[in-house]
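Residue numbers (the working numbering), protein chains in the order written: chain A, 1 to 392; chain B, 1001 to 1139.
Read the hints as simulated data drawn from the structure, not as lab findings.
Note that CB positions come from ideal geometry on N, CA and C, so glycine has one too.
Any given hint could be a false lead.
As the list claims (entries may be wrong) - 25 Å max Cα-Cα, derived SDA-like pairs, lysine to any residue: (1) B:LYS1139 <-> A:GLU161; (2) A:LYS162 <-> B:TRP1080; (3) A:LYS162 <-> B:GLU1014; (4) B:LYS1135 <-> A:GLU269; (5) A:LYS368 <-> A:SER330; (6) B:LYS1135 <-> A:SER182; (7) A:LYS175 <-> A:TYR163; (8) B:LYS1135 <-> A:GLU270; (9) A:LYS162 <-> B:HIS1076; (10) B:LYS1135 <-> B:LEU1114.
Claimed, not checked - Under 10 Å between C-beta atoms, here's a sample of chain B residues computed to sit facing chain A: (11) ASN1028; (12) HIS1029; (13) LEU1031; (14) ILE1087; (15) ASN1105; (16) TYR1115.
Claimed, not checked - Simulated restraints, written as ranges between beta carbons of each label pair: (17) A:GLU286 <-> B:SER1008: 54 to 60 Å; (18) B:GLY1037 <-> A:ARG250: 18 to 24 Å; (19) A:GLY327 <-> B:SER1002: 35 to 41 Å; (20) A:GLU316 <-> B:HIS1029: 56 to 62 Å; (21) A:ALA248 <-> B:PRO1119: 29 to 35 Å; (22) B:GLU1113 <-> A:GLU316: 30 to 36 Å; (23) A:GLU200 <-> B:ASP1081: 25 to 31 Å; (24) A:ARG271 <-> B:HIS1029: 31 to 37 Å; (25) B:GLU1062 <-> A:ASP23: 56 to 62 Å; (26) A:HIS280 <-> B:GLU1014: 56 to 62 Å.
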Amino acid sequence: MKIADNPAIVGAGTTSEFGELPDSTRIGISAEAIGNALDEAGLEKNDLDGLIVNYAPPLATFYDHLAEALGLDLRFADHKQHMGRFVGNSVRHAAMAVENGLADYVVAGIGLKWNAVSQVGGEDKISLADYGSQHEMYPRPWYGFTGPVAASAMHARYYMEKYGATSEDLGHVSKTLREHASLDPRSHYSEPFTIEEHQESRWIAEPLHLFDCAAQSDGGAYVIVTSAENARSFDDPAYITSMEGLHAGRNNYVGGGAARPGMGIRTQEEREIDSGEFDHVYENSEITRDDVDGLYIYDAFSPNIWFGLERWGFVEEGRAHEFTRDGNISIDGELPVNTHGGHLSNGHISGWNHMVEMYNQLQGNADKRQITGADTVQWATPWGDSVVLRRA
Amino acid sequence: MSNNNPSSESRLPEIRDEDAPFWDAARNHELRMQQCGDCDYIWWAPAPVCPDCWSTEYEWTELSGDGVVKSWVVIHRPYWDDVADAIPYNVAEIELDEGPRYLSNVVEAENDELYQGMPVEVVYEDVTDEVTLPKFRPK
């Protein structure tokens, strides 16, 4: 299949900054980001006939209210559940919708105000470190356990004990992503830090420090998806050449964290990684892992980067903590990861800022963050879902 | 000095129909989980069918209460006001000898004594007349 025979992203946009935006409304945040995506695509709002959003009020806006407020006239509207993990689902669903004639132009993304929500544990609301939950996904508050940071810490500890990794190794992940964020003027946190400063940042849920936890950001990011046929009239579409769905089951329970399969957490079997699990994803794009110029991982917490690298077969099982120590995931490294700084530092726009960055990399519009010659980028999560974007 | 015990009358499990037998057993200082009458699989968390074979024939089997620490965390951030005296406290994933993993606290141990594979046994903490929490101590 030719690259240009696939559905494509033809526009992407964000708010001008991510962070605390007390003067912005959730709908205003969406309007700004969708407006920027339309400008990038050269489309008008009336060209949009599809919308997919995720996250529920009060963090985000119900699709019905958003469509009404922005004067959209839609024939394909959808609202995914209240979780970040549905970003990939949203993009894939948009791709399926446009290829099956349910819509011509689907705008998918989010306008978030994390800072509008009071948190379990008081008013200190700067990061996911402070985000408690009594949600049914993984908490045992009667044992003092709440998520998602504690769940991620549980997974990180298992990994550290089994493979000899350390908190300092995680520091290299967070430090690298902060360096990336320092190159993006939108970033919520952009001041570089040292490994020592990472180690001195306070413990939240040991073995995770504050600097292992994502920001909780206000901001918006959207992409516009269209069919291969419509994409022909655009200059340089980012074609969706492979998709892999969200995995689930007793070996793939995400909970509040992100344990990759095989770790023996919760109901998982404890076993070696199947390094060929996703070979078909690369075969479907007629590429190998070596062709991936940039990798984008849902990084609510720093250990997700290790779990994503290993599950997707970029690094051998138990070796990601060494790989991420040596600059390999930097923009000029062997495999650049989250070149915008990810959730950890660019901002927690729930994966949608990752999607926009992937599009911008393929456009050659990533400014100081540009990966030289980027023509293939991949969204790949520890929970097994993926989107591969390529230039024709 | 931390008392290392985050449990409190103010945060009790919400006891639903499907897990009431677990909490009834805990009140009697027994650890019971569902075991399939057809394939013998023992599972946690409570579910109305065997996750392996979907049989609805099961009974609440008494377990040995022995297991090992699979992973653990030490919580430093007080997510509730009434854990101020408890931080830093541990929460551990215990792999029971019969297979299921159960999230709990390790008691009668310092946080820095925990390790992957540490043998533990169940003990019971009566938090109220109605609620007893299974916890674990080094064996």
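Results of checking the hints against the structure:
Distance check on the hinted pair: B:LYS1139 and A:GLU161 sit about 20 Å apart at the alpha-carbon level, within 25 Å; holds. Restraint check for A:LYS162 and B:TRP1080: the C-alpha separation of about 31 Å exceeds 25 Å, so the hint is violated. Distance hint between A:LYS162 and B:GLU1014 is unfulfilled; the C-alpha atoms sit about 34 Å from each other, more than 25 Å. Distance check on the hinted pair: B:LYS1135 and A:GLU269 sit about 23 Å apart at the alpha-carbon level, within 25 Å; holds.
Distance hint between A:LYS368 and A:SER330 is fulfilled; the C-alpha atoms sit about 12 Å from each other, no more than 25 Å. About 45 Å separates the Cα atoms of B:LYS1135 and A:SER182, which puts this hinted pair outside 25 Å; it is violated. With a C-alpha separation of about 21 Å, the suggested pairing of A:LYS175 with A:TYR163 holds against the 25 Å cut-off. For the hint pairing B:LYS1135 with A:GLU270, the CA-to-CA distance comes to about 23 Å; that is within 25 Å, so the pair holds.
Taken as a hint, the A:LYS162 and B:HIS1076 pair is honoured in the structure, with Cα atoms around 23 Å apart against an allowance of 25 Å. Note on B:LYS1135 and B:LEU1114: the hinted pairing holds, with a Cα-Cα distance of about 14 Å set against a maximum of 25 Å. Annotation: interface hint on B:ASN1028 violated; nearest CB of chain A at approximately 18 Å, more than 10 Å. Hint status for B:HIS1029: violated, given a least beta-carbon distance of 17 Å to chain A, over 10 Å.
A least Cβ separation of about 15 Å between B:LEU1031 and chain A goes past the 10 Å threshold, and the interface hint is therefore violated. Annotation: B:ILE1087 was flagged as interfacial toward chain A, and the flag holds, the nearest CB pair being 9 Å apart, inside 10 Å. Nearest Cβ of chain A to the Cβ of B:ASN1105: about 5 Å, under the 10 Å cut. The hint holds. Taking 10 Å as the C-beta cut-off, the interface hint given for B:TYR1115 holds, the closest approach to chain A being about 7 Å.
Hint check: A:GLU286 to B:SER1008, Cβ distance near 58 Å, so the stated range 54 to 60 Å holds. In this structure the hint that B:GLY1037 and A:ARG250 lie 18 to 24 Å apart at CB holds, the actual value being about 20 Å. Between A:GLY327 and B:SER1002 the beta carbons are some 39 Å apart, a value that agrees with the proposed interval 35 to 41 Å. Taken as a hint, the range 56 to 62 Å is violated for the pair A:GLU316 and B:HIS1029, whose Cβ atoms sit roughly 46 Å apart.
Taken as a hint, the range 29 to 35 Å holds for the pair A:ALA248 and B:PRO1119, whose Cβ atoms sit roughly 33 Å apart. Range check, B:GLU1113 to A:GLU316: about 32 Å between beta-carbon atoms, so the 30 to 36 Å window is met. A hinted range of 25 to 31 Å holds for the C-beta pair A:GLU200 and B:ASP1081, which are about 27 Å apart. In this structure, A:ARG271 and B:HIS1029 meet the distance hint of 31 to 37 Å, their C-beta atoms being roughly 35 Å apart.
Judged by the Cβ atoms, the range 56 to 62 Å given for B:GLU1062 and A:ASP23 holds: they are separated by roughly 60 Å. For the hinted restraint 56 to 62 Å between A:HIS280 and B:GLU1014, the CB-CB distance of approximately 42 Å leaves it violated.
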